[in-house]
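Can you make the complete structure from the sequences, with help from the hints?
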Amino acid sequence: MKQEFTISLFSENHIGILSRITLILTRRQINIKSITASESAVPGVQMLTMVVRTTPEMVEKVARQIEKVVDVLKVFVHTSSEIICQEMALYKVTTRGLMSGSMIGDIVRKHHARILEVTPEYIVVEKSGSGAEIKELLALLKPCGVLQFVSSGRVAVTRQVKELNAYLREMDEARGARQETLEFYN
Amino acid sequence: MPGANGSEASATKAAAAEVTGAEALLKSLVEEGVDTIFGYPGGAIMPVYDKLLDYSDSLRHILTRHEQGAAHAAQGYAMVTGKPGVCFATSGPGATNLVTGIANAYLDSVPVVFITAQVTSRLIGTDAFQETDILGISMPVTKWNAQVKNAAEIPDTVARAFYIARTGRPGPVLVDISKDAQLESMTFRYRKCTFIRSYNPVNHLISRDIESAAVMINHAERPMILAGHGVIISGAVEELKTLAEKGGIPVAVTLLGIPAFSHDHRLFAGMLGMHGNYAPNVLTNRADLIIAAGMRFDDRVTGNLKKYAPQARVIHIEIDMAEIDKNVRADLGINGDVREVLTAMLPQIRERKREEWIREFRILDRTEHEKVIKPETEPEKGDLKMGEVVKAVSEIAGSNAVVVTDVGQHQMAVARYYRFTDSNTLVTSGGMGTMGFGLPAVLGAATGSTGRQVIAFIGDGGFQMTLQELGTIMQYRIPVKIVILNNNFLGMVRQWQEMFFNSRYASTEMVNPDFVTLASAYGITARKITSREDLKPVAAEMLGSEGPFILVAEVSRTANILPMVEPGASVSEVTLTYNSKS
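Protein chains in written order, with our numbering: chain A, 1 to 186; chain B, 1 to 582.
Take the hints with a grain of salt, since some may be wrong.
[What the hints assert, rightly or not] EDC-like mimics (lysine to aspartate or glutamate), calculated; alpha carbons at most 16 Å apart, straight line:
(1) A/Lys68 - B/Asp180
(2) A/Lys110 - A/Glu133
(3) A/Lys142 - A/Asp106
(4) B/Lys51 - B/Asp180
(5) B/Lys83 - B/Asp35
(6) B/Lys326 - A/Glu133
(7) A/Lys61 - B/Asp325
(8) A/Lys68 - B/Asp320
(9) A/Lys61 - B/Asp320
(10) B/Lys326 - A/Glu57
Note that these hints are calculated values from the structure, not bench results.
Structural data, given as structure tokens:
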């Protein structure tokens, strides 16, 4: 059964890394629903968050293939329940449409949106939330005349406590331990 | 910048000296112990070739007749020496001509460092003359690649390339160097790369896994080892033998794992897969434990996955984590170097004989011998058979001879009928199945193995895909022995047409040149044989000759390679006979 997964990965910030990763997904005909690249908490390490829809077996396989890429440090795969995630959207709406009812109050109070800019022609509204919440607000604004709509990819943090630094440390320790094992057997 | 995050400084050598980027590249290769380069010059790489003249004492350059040839030759060299092969090509078409060779090395896990030249950096991205995005093109078929636009980055990038190519699961890497970087001056200092933060080539063993594996092996009644290329790459041939002997476990091999276990050993079970041996295919589905070592359960090995090894638990020992559970789900996946894993495991393996189980192999072996092997290798009448030619050469050649093949029916004949007893003796194109691989690969293999007999078996189709490399063999007097198994057909495709396409031979029949005359144009001794009586004397003449030699064997036009696991069938449904309809 196909379901939604969030692939979070940490990599070196080298040119071409994104191509290498998307190639792996393309080969398996997995569509990327959203992708976000940003700096991570570890200096010099970039974080990519991708949302894909596929089977649990397939996501496991591609995650291993992605982790194999030389410049990739670590890959995590999560289902929606294992992460806290947000998306952000901007709505550019006609001022006339938006001012006509009691919409403004609703938008701010019920939908926790913000007004970024007001001009005689248009008003820009900003909202963060889940994909569903963002769509809900879009549907609400539609009758007022939406001039532009844009939403970001998903950003997510995990519920687990162990952080990337701990994995990096473990890798270093494993390397040391392996050296000792080798010396023992040789 | 490469090296900025991790390349630990070690063995700082060579006092600072001002050199050009081109010279820095050559110095870096010397630092990595390179002695041979296969390549082809062109506009953008001219600064490198110019400096190469000054390094002819330490770096031997073999000029092939096509960049694809250089790529395959570098792979052949790498496979016999165990060192990364090195290949040069210029920008644009030079670089794109490498792609088949890069992909071939990638699928067969062979370390080759490809150096391509790129147009001057300010022109990159402008569709300049002979500019191509080789970084983008080679991305899916390289383990790693990088572009260098400053001379100062050349040594660290080359160091990184070699480290990545040869460690972990080996593979091809590509470094693209712009022409201005080749000409720019820099201060040369070389630091070997020993560590990259984001790259963990070999996983640390978990002792609990080793113990579990030993328990599973000790308790199995019908265990079987499947040995792949990884056994040879990791140098685990001795450990594999000890494991087999101690546990009384039959060893089956994949195509690239063929020389991992001596064919003379009583526990040798034969080759797996589509045209493999009868017993290991049938008994895969009888086994209660599969110990897969350094192999990746390719579809040519497993046949129909739904009906694969239904009674067996699977232990998968593999250095590449992405291969574990990829095709066959492992009950116990051990992510590590085969030699390290087997070494750790051996003390815990109980001595067992398992004679009953081994007898099952012998019984099926006898059936296969009767129905397939004997008629193929010891026919008394009719046309020459590929099998008998391979067997005749195998019996005369020394056990340490290097055998190279191309792709197709003759390749399967070699895999089945050549008796391999030493490791590092087979160079073939496995995963990619690249026709045209054989001739350039054999010249590369011969360049890397002085004092050993180097023999290639090539079909008439594959030979003509890269036959221009006869020029390279001529120019450098490379003493290769080439057996052309000529059936005037693209034999394997013809076989499939006969079996699955109603004998409709669409574009598989070949009108060939006279290969003996062709060889003479290159000054290479050649003999054609058509009869059984000539086979052994001419094979002996070939192997006794000094220089290059071509033996053209005119074999049966329409013989089929059997047994066969037909597409979609289970390995246990392997068929021994096929009644020709035509």
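Hint check:
no.: 1; hint: A/Lys68 - B/Asp180; result: violated (33 Å)
no.: 2; hint: A/Lys110 - A/Glu133; result: holds (11 Å)
no.: 3; hint: A/Lys142 - A/Asp106; result: holds (14 Å)
no.: 4; hint: B/Lys51 - B/Asp180; result: holds (15 Å)
no.: 5; hint: B/Lys83 - B/Asp35; result: holds (10 Å)
no.: 6; hint: B/Lys326 - A/Glu133; result: violated (37 Å)
no.: 7; hint: A/Lys61 - B/Asp325; result: holds (8 Å)
no.: 8; hint: A/Lys68 - B/Asp320; result: holds (8 Å)
no.: 9; hint: A/Lys61 - B/Asp320; result: holds (12 Å)
no.: 10; hint: B/Lys326 - A/Glu57; result: holds (9 Å)
Consistency with the previously given hints fails for numbers 1 and 6, ordered from lowest to highest.
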